[in-house]
Amino acid sequence: MRIVLATAFGLALAAGAGGAWAAETATYPVVVRDGRIEPARLEVPAGVKIKLTIRNEGPGPCEFENPDLRVEKVLAPGASSFVVIHPLRPGSYRFFDEFHPDTSEMLLIAK
-16 MRIVLATAFG LALAAGAGGA WAAETATYPV VVRDGRIEPA RLEVPAGVKI
34 KLTIRNEGPG PCEFENPDLR VEKVLAPGAS SFVVIHPLRP GSYRFFDEFH
84 PDTSEMLLIA K
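As numbered in our numbering, residues -16 to 94 make up the sequence shown, in order.
Note that these hints are calculated values from the structure, not bench results. There's no promise every hint is true.
[Stated by the list, open to error] With a straight-line cut-off of 30 Å between C-alpha atoms, the simulated DSS-like cross-links for lysine-lysine are:
1. K94 - K32
2. K34 - K56
3. K34 - K94
4. K32 - K56
5. K94 - K56
From just these sequences and the hints, can you work out the full model?
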């Protein structure tokens, strides 16, 4: 009986800790519209996991990506999604819409 209670207590603690950890992930909105990404420059803390919520407000599809970070998200017009990016080293990371590579760029700066 004690083993069952100890196991249940341990599982409850682990579940609570997981929920608190997930709540700490900072979320940043990104909008893709008419071959442009907003914001064009986004500063985030280095060394922490972040979440980017991406919304396509343009009339056609978009492909938000950064090949170095292995991030790629294709969105239909009006669609929304998200990507979770693992902790980054300090530096800058270029994201773009592959359907509009010359006009769309977002510089993510980890500090």
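Cross-check of the supplied hints:
Straight-line distance between C-alpha atoms of K94 and K32 comes to about 13 Å, which keeps the hinted pair within the 30 Å bound. Under the criterion of a C-alpha separation no larger than 30 Å, the hint pairing K34 with K56 is consistent with the structure, at around 13 Å. Proposed proximity of K34 and K94 is supported: the alpha carbons are some 16 Å apart, at most 30 Å. For the hint pairing K32 with K56, the CA-to-CA distance comes to about 18 Å; that is within 30 Å, so the pair holds.
The hinted pair formed by K94 and K56 meets the criterion: a straight-line CA distance of about 24 Å does not exceed 30 Å.
Violated hints are absent here; each numbered hint is respected by the structure.
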